[in-house]
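**Q** Given chain A, work out where chain B should sit, using these hints.
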Amino acid sequence: MSAHTSNTMTITLHVWRQAGPNAPGKLEQYEAKNVSPDQSFLEMLDEVNEDLIKAGKDPIAFDHDCREGICGMCSSVINGVPHGGQVRTTACQLHMRTFKDGDAIYIEPWRAKAFPIIKDLIVDRNALERITQAGGYTSCHTGGVPDGNAILVPKPDADYAMDAAECIGCGACVAACPNGSAMLYTSAKVAQLAVLPQGKAEAAERVCAMVDAMQENGFGNCSNHYECQAACPKGISVKFIAKLNREYQKALFK
Amino acid sequence: MRIFNSTVGRKLLMSISGQLLIIFVLIHLAGNSTIYFGWINAYAEHLHSMPPVVWVFRAIMLAIVGTHICYGVLLTLENKAANPTNYAVKRQLKASFASENMIWTGLLLAAFIVYHLLQFTAKMTPDVAWTSNQAVVDVFKMVVTSFSNAGIVVVYALAMVMLFLHLSHGIPSFLQTMGWNNDKTIPVYGTAGKVISAFLMLAYISIPATILVGLLKL
Chain A
1 MSAHTSNTMT ITLHVWRQAG PNAPGKLEQY EAKNVSPDQS FLEMLDEVNE
51 DLIKAGKDPI AFDHDCREGI CGMCSSVING VPHGGQVRTT ACQLHMRTFK
101 DGDAIYIEPW RAKAFPIIKD LIVDRNALER ITQAGGYTSC HTGGVPDGNA
151 ILVPKPDADY AMDAAECIGC GACVAACPNG SAMLYTSAKV AQLAVLPQGK
201 AEAAERVCAM VDAMQENGFG NCSNHYECQA ACPKGISVKF IAKLNREYQK
251 ALFK
Chain B
255 MRIFNSTVGR KLLMSISGQL LIIFVLIHLA GNSTIYFGWI NAYAEHLHSM
305 PPVVWVFRAI MLAIVGTHIC YGVLLTLENK AANPTNYAVK RQLKASFASE
355 NMIWTGLLLA AFIVYHLLQF TAKMTPDVAW TSNQAVVDVF KMVVTSFSNA
405 GIVVVYALAM VMLFLHLSHG IPSFLQTMGW NNDKTIPVYG TAGKVISAFL
455 MLAYISIPAT ILVGLLKL
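So the protein sequences, as listed, match chains A and B. First residue of the first sequence: 1, per the numbering used here; consecutive thereafter. First residue of the second sequence: 255, per the numbering used here; consecutive thereafter.
The shape of chain B in the complex, shown without the other chains:
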């Protein structure tokens, strides 16, 4: 199949899987925001009341993340191979820290996702060990307890900086790869990418930050 082998085809797979992940990031943020309205336990309970839906969704997410990571690593290795020698002097005109470090911000985000799942989904990290003898986990209490730890909040904040860097290049990049671009939209997408990723970063950080400073408490 051409789409799985060719350079442009695999870029399309990166772009489409990336777009689906951005949609997930938006939905996840909406879900997380229920914490501000006191609905997070009801929201968690609602999700857990439909295990088949949750597991199908998780399987689809795993496939999307897997596709994005596999092709991301493969394309990066090919790109390094296509440009094996460094210039003694190199002045970048347009490439940014974000665009040049997609693989690293991406892999750090993947590591963060593993940690995040071990913590709040599998409940295997020390800060959530107390939930093991609970019949029904109080999600609000779990989140507030964990985010009262400054170290954990710093890890989350740094991960969201990675999300900002990854999406500030990823958003304009997926639009270009889909071909939805022309001379007028190129600069607009560049700005929109930065604004949207900054919003996502700040919105996500706001939850652990408000808990850490004590605005949101048990």
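Next comes chain A alone, as it looks inside the complex:
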């Protein structure tokens, strides 16, 4: 225990605090003491919140759910990078061992016009859902379970679709994009369905509807900085944006 204790760190946090959507916000400073290197980033925030609650103060509001990197709920920009900048890692899977004793950490919410702040580090990401509602589905009659392999999908296509389907919809791509664009998110959904036989039937309508929904919901235009791919905790490739561009061109002539 003593060896463990000697490893603990003291971290200075600068956290964005904002009481509500229209309230003014500002960075406030907190000391996180006795931080274990084995703690996750969110566990460190939990302990800071426990101290705030004990002191009768409002705890820091932040989004989280599964805490195992698959739900896409965590949404903090940590030291200027969504999810903290560790390759293919969500904020919940980021461990405090990546920081040093005495470090200062800046924690801010996703910032984009399409993501209004609800409170502190929590933003409203329904705009992403509205993009998917516009076309991120296949229309089919559901009935009995179809025979296995009734629809053949070549393995490379299945792999491609699975790579696109890795997107957890966290919105880090939007938060990282200098233009507040949701092209990586939108393209992952478009590409995943466009390559599969079930999705091909509606490919043209889908790409147009989803691109329109992206625009209507206040997201910016893609200018190929590729910040999105670099910040994506699932490593979604910008090759899917190229695929969206191809699908869109095909749709233009339909």
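No lab work stands behind these hints: they were computed from the structure. You can take every hint at face value.
Part of the chain A face toward chain B, derived, beta carbon under 7 Å: (1) V81; (2) N179; (3) Q215; (4) F219; (5) G220; (6) N221; (7) N224; (8) H225; (9) E227; (10) S237; (11) R246.
Here a beta-carbon is modelled for each residue, glycine too, at the ideal position from N, C-alpha and C.
**A** Quick look at chain B alone, frame taken from chain A:
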């Protein structure tokens, strides 16, 4: 029309107009290079012998440049509006100085094009005032005289640095927007963009530079 209104459609217009401008940059460089072989007067005379072709070409170029600038400004304003608040701390992972400053390198290039046209096409700048009483302008003499002025050469060199920055992002970017990209080509295009734009910059600068140092003279 979807292509003129949608985010991806307008990006396609930016990409296609950009590609046409790159083709012009290549053709213009080939034309300029005739100066090294002593053919520039013959080349200029050949162009001026077909006024309808020249004027149709100029009108098309104006339309292409206009499209590229209008949508460039419009998209940039929309992008600023979509990302109105700055992070207190922001660490870029992939975006470069070139990619983040396309609007500024582009507008500086537009300003340079205006200057360049006023100088060698309209002949309205002081350094080419002497050509006003010439029946036929000696293009070689005009270019060599103007580029003997170090200040003018510096302006041209800086403009070509803008061209390098603009195209080092513009080349990989137009390929991505056209959809001609995949995991294997992404890094290749990035490198090719830098190499091709560096070549264009150096090739264009070589003309005023060789004149300034006296390798090419009257």
